[in-house]
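> So you can see what is in the structure, the chains are spelled out below.
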Amino acid sequence: MPEQTRIEKIKYGLLKTIDVSGFKVFDPVVRLFFGEEPQKQVKDITRYMLMPILFVCCCLVIWNFVAPRHKTKSGEVPTPEQVWSALKVNDTLHNRENEKESDFTLSDKERDERIKEVEILIAKKEEESKKLKEDLTTIDAEVTKKKDESLAPLKAKYTELKAAHKEARAERAAEAQKMADAVAEKKSGTEDLLTLLRQSNKTKELEKEKEQVVKDQIAKINDDKPKVLQNAKMASDSVATEVQHLKKRLDYLTSGNRSMKVGKAKESATTALTKLESAQSSAEILAAAKTVVKSEERADKIAKQEYPRASTIWFQMWRSLFTVFIGFMMAAVVAIPVGIMCGLNRVAMACLTPIISIFKPVSPVVWLLIFQIVVGAFFPNPETHPFFLFLNSLPIVGRLNSNPALIFSACTVAMCALWPALVNTALGVSSVENDHINVAKVLRLGLWSRLTKIIIPSSLPLVFAGLRISLGVGWMVLIAAEALSSSEGLGKYVWDQYQNGSSLTFANILLACFVIGIIGFILDRIMIVLQRAVSFDDGAATV
Amino acid sequence: MSKSTSNRYVEIVNLTKAYPNPFGRDIEVVKDFNMILKKGEIVSVIGHSGCGKSTVLTMVAGLNPISAGELAVEGKQVSGPGPDRSVVFQSPCLLPWMTSLENVMLGVKQCYPHGSRKQRRQICEHYLNLVGLADSMHKYPREMSGGMQQRVGIARAIALKPQVLLLDEPFGRLDSLTRMDLQDTILEILDREKITTMVITHDVDEAIYMSDRICMMTNGPEATVGQMLEVPFARPRVRAEILDHPRYYDFRFALIAFLEKQEHAKDAHVKSVHEKLRESQNELVAAG
Chain A
1 MPEQTRIEKI KYGLLKTIDV SGFKVFDPVV RLFFGEEPQK QVKDITRYML
51 MPILFVCCCL VIWNFVAPRH KTKSGEVPTP EQVWSALKVN DTLHNRENEK
101 ESDFTLSDKE RDERIKEVEI LIAKKEEESK KLKEDLTTID AEVTKKKDES
151 LAPLKAKYTE LKAAHKEARA ERAAEAQKMA DAVAEKKSGT EDLLTLLRQS
201 NKTKELEKEK EQVVKDQIAK INDDKPKVLQ NAKMASDSVA TEVQHLKKRL
251 DYLTSGNRSM KVGKAKESAT TALTKLESAQ SSAEILAAAK TVVKSEERAD
301 KIAKQEYPRA STIWFQMWRS LFTVFIGFMM AAVVAIPVGI MCGLNRVAMA
351 CLTPIISIFK PVSPVVWLLI FQIVVGAFFP NPETHPFFLF LNSLPIVGRL
401 NSNPALIFSA CTVAMCALWP ALVNTALGVS SVENDHINVA KVLRLGLWSR
451 LTKIIIPSSL PLVFAGLRIS LGVGWMVLIA AEALSSSEGL GKYVWDQYQN
501 GSSLTFANIL LACFVIGIIG FILDRIMIVL QRAVSFDDGA ATV
Chain B
1 MSKSTSNRYV EIVNLTKAYP NPFGRDIEVV KDFNMILKKG EIVSVIGHSG
51 CGKSTVLTMV AGLNPISAGE LAVEGKQVSG PGPDRSVVFQ SPCLLPWMTS
101 LENVMLGVKQ CYPHGSRKQR RQICEHYLNL VGLADSMHKY PREMSGGMQQ
151 RVGIARAIAL KPQVLLLDEP FGRLDSLTRM DLQDTILEIL DREKITTMVI
201 THDVDEAIYM SDRICMMTNG PEATVGQMLE VPFARPRVRA EILDHPRYYD
251 FRFALIAFLE KQEHAKDAHV KSVHEKLRES QNELVAAG
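So the sequences go chain by chain: A and B.
If you count the first sequence from 1, position 108 lands on 108 in the numbering used here, and the numbers rise without skipping.
If you count the second sequence from 1, position 207 lands on 207 in the numbering used here, and the numbers rise without skipping.
No false leads were mixed into what you were given.
Here are the simulated lysine-lysine pairs, BS3-like style, with alpha carbons at most 30 Å apart:
#1 B:139 <-> A:24
#2 A:441 <-> B:109
#3 A:441 <-> B:118
#4 A:441 <-> B:39
#5 A:147 <-> A:71
#6 B:139 <-> A:441
Per the computed footprint, the stretches of chain B lying under chain A, defined by three or more beta-carbons under 8 Å from a beta-carbon of chain A, are:
#7 77-86
#8 95-104
No lab work stands behind these hints, which were simulated from the structure alone.
Heads up, the beta-carbon is just placed ideally off N, CA and C, and yes, glycines get one too.
With the rest of the complex left out, here is chain B:
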């Protein structure tokens, strides 16, 4: 593999999502989003809720058609969904009529079409082991807690041996203790498997702890990359050490400052809209 592909493993160029507006110009939710991921890198995308983070991820995953722009993985342009970019959704999305093993098996069958039944089973068991579910392989989703269900979801995504792992607020619905636990589990796996990963989150601490770089998104519409932040902590990371690191709070401050600025901008935007409305009303009153 050449160095150039390893440095430009995933290329997202001018990614745009526009929804048709029957009474005017198309509404561009995301516009000209550019990002390049190195091989094995973990990049977080952080932003206010509703800014278009998830839209970017679903477009990268191929679940949401791209309006404009291009996407390439390992130098090859891709369109549509595929097991090379596996997704962990915010809700576990397990099939309730299948055990955790069967849920993982569903993807494994697709990726190892030539493996024997026994081999496939071993793969499934291996990944369920990795996420700490060795005892719950034959349980149905309804018999497991939300955290355990999400672990199955992670095992299913990783068992596909994806080139890119896309995490869409995977811990959004979990309590903070379970969340930390799962963060460690995922980091452990990622450190070992070196999968290029994109994490969508709105949690500042999570972003710093997990990623090599953090992409801060501006508020929509026409959301795009606002700032990039390098997080040069060494891997494997230990939570306590990171929290004690002198630069931790610098990063945290930078992120929060950016997010607050976005919030103010939004307020200002709303204000200006209101003012415009009032002006036009006044004009109307004056005219009438």
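Just chain A, with the same shape it has in the complex:
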């Protein structure tokens, strides 16, 4: 076989990477790039890439068409465009939190510089806002004028109709009266009066309907908000909120700033100290000393203060990921050793079978409630518990505000994710090839090397297949658990959105749906790559 050229090496390296990472769809693209059988590759690309893309686009078009036509209690179903703008809104919210946080922690010279920057920005934005507001009022005036113009004839018609109907009603009443008189004088039968009254009621209904039609027309014109007006309002609103945000930032840079607060506390400490020095009587001295200590303590406390972040979707996402990671690890740590034990020993398997069979089908909701009670008992004072103090002092994890809710959500995830990993591990261990077992017997391997050299390596592909299912289950369970338990995370985000009912609610929920789905997909892909990395033969399945 001739030696591979450098280009070939790159090509096959790339193809291998694609294959291992489970993105086999891109295989023809790479081959086409290197000019291998272009016709075949183009055919494959159209079949397996363009067609799916086209299909997804079709789905989007259908969504876009159907969504605005379905009216719900909380407004129309959002279109893809609205979901996309919801993403942008959520992202801005997140960035603003970041800005405010950095403002809060700035001090000294940097703070002064930042104040200047923000002030310039505020001036600029306020001007812009003013202009936009003016635009809005002119547009609004125009629109109202137009509306009034189109409304005037309708309103005239309405009053006309009403007057005419009033007249007709009076006429009918008079006629009925006449008829009644005639009946009293026995000039005619009651039957005629009744038919007359029935007739008159019917006409009344008809008249009302006519009025309603005109009324509806008026209401429609009144409700109609032209796109121009909407856009102008949105532009004005967004700049107005931007100005508001900048003002808030200024606040965090000045009076709300941490270093400023600390300075203030320290100042009061020094004044108290001077007071202490000048104090005469013992009572005065004691009081002054107490103030000194108190002010110092306060200064220390403020210096350690963190910016109270509002929870944005990205924060919730990271927290969910952390929770699922902890839960998944707990599941793996329990499931793999127990699974190995079950696979090796039929008695152990028999002992665990009833437990697995009974607890596997239990709903995550039940586990959540159980763990809420059980875990809660371990942490009577979560704020001062060393475990959470430790978790929250860690560099990146610390920002996620770990609390008992996180632990019991993770426990729920672990409880539900445990079973697939356990069952698969047991299966993997018990189905080690007989030949390999014979080798171990002939070599008289001890239990430990039998485990590490033969049983575990040979069952790893199945173990990882189980872990992959576990992670998928865990991620699904977690979102439900968070929604139910109000543990911070994507589940809670969805629940909060559902509860608060702003104009963006529905779009935000759909956005969260996509975020959850995409993360689930990425987690699954990571597990596939791991599974393939530990598979010794090349036949690992990719789905």
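Chain A is fixed; fit chain B onto it per the hints.
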């Protein structure tokens, strides 16, 4: 070492394998199998497929529990598997997550627990060299051909410095060219190391070429030693010379004759069973 142990190095006495039969007496696949191997001797066991050759070998290896009878190596009774009797299986049985070196190392670690890492590695490299795999030490089984994999299997078995080497149709799954090649490799090693060896085979030529004695097994059930044949060719052997040897075809004829006789016996047995069945049916018809 006394002469008696060297002449009775491996003793197989009344070896029997019986499988339980829930509806009758136990089925004795192998019954009263007796054989004595001298030190350094190569003995082939030949027989029709399914006659119980492999059962005998797995029992000697300790992988298959013995129902009755005894087994002694160097005068000491043995039970259960152990590295003193290493096995080369029909399929290479390599661990696919290890390179050939690691596969050999797995056994070496077990047999030289006090050797240093470097010493062990040298041993592995030596035996891989012997089987002609100096260039493929770091290859994984999937990167090697069946013949190369089987070579690793042989290196792994021999690296254990076994007292007895058990070969269970080691060339059964290889093409004839590779097979001849491997036969020569093994003979070369055995001539040098003088390991007492038991080869299971169903290939007549292989049996004659490789062994000092050939044990012909009768057909099962209750298979046992049918005949023993001495092959007095000198060692080291050269294939061409052996093929040209005037007695070669005598041996070959003797073996084939025995095997054919077994086949006929089997046919006769089947026939008799059929006849019995027919008779009983006839009786039933007559009675009914």
